[in-house]
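I would like the entire structure built from these sequences, with the hints used as guidance.
The primary structure of each chain is shown beneath.
2 protein chains.
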Amino acid sequence: MKRWNGWGDEANKLDLPSTADAFLLAKVGTTTPLVDAQLRDVIKQVPESRLPNHRLINRDPETRIRHARGQSLPDWLAMRSGDFEYFPDGVSFPENNDDLTELLSFCQEQHILVIPYGGGTSVAGHINPFASQQAILTVDMGRMNRLIALDTESQIATFGAGTPGPQVEAQLRAQGYTLGHFPQSFELSTIGGWVVTRSSGQQSLRYGRIEELFAGGEVITPVGHLDIPTFPASAAGPDIKALLMGSEGRIGILSTVKVRVRKLAEQENFYVTFFPSWQQAKEAAKNLVQSDIQLSMLRLSNAIETETQLALAGHEKQIALLEKALALFGTKDGKCMMTFGLTGTKFQCRNALKQLKKITKAHQGLYTGSFMGNKWAEKRFTMPYFREALWQKGYVVDTLETATDWHNVDNLLAKIETNLRTVLAQNSSTDNAIGSPQLHVFTHLSHFYQQGSSIYTTYIFKAGENYEQTLAQWAKLKHSTSEIIVNNQGTISHQHGVGKDHQPYLTTEKGTLTIQAIQSLCDTFDPQQIMNPHCLIASPDASESELEQAQAQVIS
Amino acid sequence: MKRWNGWGDEANKLDLPSTADAFLLAKVGTTTPLVDAQLRDVIKQVPESRLPNHRLINRDPETRIRHARGQSLPDWLAMRSGDFEYFPDGVSFPENNDDLTELLSFCQEQHILVIPYGGGTSVAGHINPFASQQAILTVDMGRMNRLIALDTESQIATFGAGTPGPQVEAQLRAQGYTLGHFPQSFELSTIGGWVVTRSSGQQSLRYGRIEELFAGGEVITPVGHLDIPTFPASAAGPDIKALLMGSEGRIGILSTVKVRVRKLAEQENFYVTFFPSWQQAKEAAKNLVQSDIQLSMLRLSNAIETETQLALAGHEKQIALLEKALALFGTKDGKCMMTFGLTGTKFQCRNALKQLKKITKAHQGLYTGSFMGNKWAEKRFTMPYFREALWQKGYVVDTLETATDWHNVDNLLAKIETNLRTVLAQNSSTDNAIGSPQLHVFTHLSHFYQQGSSIYTTYIFKAGENYEQTLAQWAKLKHSTSEIIVNNQGTISHQHGVGKDHQPYLTTEKGTLTIQAIQSLCDTFDPQQIMNPHCLIASPDASESELEQAQAQVIS
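Chains C and G, in that order, give the protein sequences. Numbering-wise (full-length UniProt numbering), the first sequence opens with residue 1 and increments by one. Numbering-wise (full-length UniProt numbering), the second sequence opens with residue 1 and increments by one.
In case anyone wonders, no lab produced these hints; they're calculated from the structure. Remember, predicted model here, so these are calculated numbers, not experimental data. Warning: the hint list may mix true and false statements.
One copy or two, either will do: identical chains are not told apart, so a pair holds if it fits within one copy or between any two.
Stated by the list, open to error - Restricting the straight-line Cα-Cα distance to at most 35 Å, the calculated cross-link-like pairs of lysine-lysine (DSBU-like) are:
| # | residue 1 | residue 2 |
| --- | --- | --- |
| 1 | 324 | 361 |
| 2 | 44 | 27 |
| 3 | 263 | 415 |
| 4 | 44 | 415 |
Following this line, the structure appears as structure tokens:
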């Protein structure tokens, strides 16, 4: 069964290796886990639904709890504390376009607000209900989860928008095809969610971001049915696909998704190369991606992430041996790990590896083969379970991500890491409620472009004395770093979308005129403004977001 | 000096080889050239300007003539006949953003309509003035034509939007870089025009369409300055770049363009392979593009285009020898020519060629080396001069283009060619004014995607008895084929944009809701609707387009 207050299936558990305890103690300090709330107690808190009876609406309290939060850190703290604050008034599970059309008509007539829901994996507050005079209906797309058609000649697959990652791949693989979209959230997130939040998968170097994969589909909007035809390319005016991608439910509910798929590749392997320093590693990565080497995946961990990954991997003896061997070649402290994937025909993979070795060698890279890379690939979707394991020991983990042009990668990366390490300690004399805990901060680049790279930073800190303090600490970290990102040529999100948590920073990034243009689009499709309010752009009657509330608490 | 009534520089002339005459006679029949108007006579027809005096506005008649038409066939007929119908009331040549801001303010105050003008190469009526109570100002971007900055680390170049193709490449090449965007109109078209019409270059397989190359820039809109930041990728909501691309001047004037450039490649060559039949050639091309072979360019001519190209190439003896050699290997009548380019390191080019040969051989392709391919590359921007040479002999040439998914390529291609060959003969008893001339129709695919392909059809027919008849014939061909395209899963344009000529078909392609969304965008940026009226979407006070007028003439 899916966890009601965390990630994934209850049966799946990730145990931290013994090496992890000592490492975390040294880096973050001792801590006491906070106490989890019980589901039965939360059920008692769920208020009566404000929704009328409807054949398509479920008002059961547990169902409403299970659709009240995503996977952001505030969501996590709300679920663990049981302090959910808001619940949807009901959940619907439409099975087809007719159900969706009926629901949206009903919601317009009754002035009900609508939150579209895919896998519930948002880390930016996309699917959270909020303070509202109007009733809120969450529309769970989970029953529209099938491969509807596969055109093998044009390599276009048609899916119900609620199809989660594993079912997308299983249904395609049965016919010899793959979509190749593997975000970290793959286990739960859905193909429709990927489209409307502009998701990116780990193998985007080969398969492209969802922007490249999304070919067309159907959207049920409050003003009617939007059918987006598939063309290989078109110069016929602005591309409506690019408006839908990133619209985050504001213009309607995506019901059918047509995507560009490929035949399963002849061969796929992942490999690891170590570099003596960050500068050498980064230059090598930039050089690789600017030289058209056919890689399917590339990830570059900075020195602290490399150290952390090796410490948390277990296999103490093997790691010690590896480090000894690396040291012989001059790659010691400060070393950086590059993981890369090759996918294609055997001929293509062999040639790409040749070119890669030549370039990485010129930057003192030490190639270690496919053992560690393939291990990484095996375990790559288990990472979200890591948060659960850390939580049990009293540690809190969150991530921040952006993308920027190459000339700015080092600058922005340093500013983000430095801020996370220091901001909680600033003004600590007047800010005793927060204190200044030790933060363990590390970063990787995981999506590479000729123009620049994503920056993905993880931070681990110990839970505060209580939930409120922990949330206040997070809010200060999140807010101050988000400001740094948008004021330093970074995008507020490379792969997680805007939701409610990033909305306050979007005007700085895009400018007032662009925000007005997005607003006019939303108004066209949703004149009553019932679709996913407060996400992406501010709604006229916007109450304070959770982040703003928490931020206010920090300041007060 | 630039031709006032045709393509390119007056000094450049393309002579048809002697083989061409006999070929055209056989395929299209005898004809008499129509008489060209003289510039001095047209100057006398230019009415007084309705524009007030302004330091940035030129009201000279010849300048207004030279900005009154693009390069569509009706434009061509208007320029050759001297029957321009409409002229801009003046032309401005802004030198910077301040000039543009001043101009747009002035135009808003004075209710002046604005037509942005790049290279004047539109083949869809983008830059043509029209019947209007309001004065019309054409804004020629030709003085904003410099490389402003080059970030070699992020590979981003910043250009004035009016920079034409040759100057884009020359300024980049001086520093070892290339944009790699080579549309047929390269000699005259501008980087800003490429962006706002969603242009595609001949080497898009390597460099991408302008959609992939455009990274950001500045737009001067009637309501203010829109600054689009560069990010390698972003999930922060809908992408404003995708709204600007294809906006065709409706939301403002693009003034600065930031594009993704690359280092000049180590090696580049073009090659030719012949296939015994269209089906074998098309399957080979689809297979190549779906197999991730690193080609920079691919073009596949159908049998009639292959025959035509060989006949018009001159070099009679060499071609006869080639055909003899091909026949020995079983490739005779019905043969199809594939031209392809390889660009990259020597290693990459060698490996791509190996893979290509393997795949094309499996489809009975006969590889002939780089001689013909490199000849094609040398001459590739001279093709527009071909129209001038044909015109002098009394022949009219035009093209139609679309794109569709692979499963539909053969179907749509056949429908387009059949319609062009037969539609003028239909109802000829009641339609004597038109008659039923012989059309020579041929097609190539020139932009390939894993999902499908562009379809580019050329048709040659003899000029009518007069200009009116010739225009009426064109209108019938254009209208009926455009209907076929949008009703058969084709886009109304793969690479030329919408303009005024394709606007009537856009709602069929995109649907009413999408058109409303585009309208709401235009209204946001241009509340007075002064920007490029009648392009892209219908304007409220739309007079009949030239196409509709000509069409009406056909029917009456």
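When no copy is named, should residue 44 and residue 27 be tagged within, between, both, or neither for a Cα gap of at most 35 Å? Classified as neither: same-chain Cα gap 40 Å, cross-chain 85 Å, threshold 35 Å.
Could you figure out if residue 44 and residue 415 sit no more than 35 Å apart (CA to CA) within one copy, between two copies, both or neither? Classified as neither; 45 Å inside a copy, 66 Å across copies.
If the cutoff is 35 Å on CA atoms, where do residue 324 and residue 361 land: within, between, both or neither? Let me know, please. within (20 Å within a copy, 51 Å between copies)
With 35 Å as the alpha-carbon cut-off, assign the pair residue 263 and residue 415 to within, between, both or neither. between (42 Å within a copy, 30 Å between copies)
Going through the hint list in order, the structure does not satisfy hints 2, 4.
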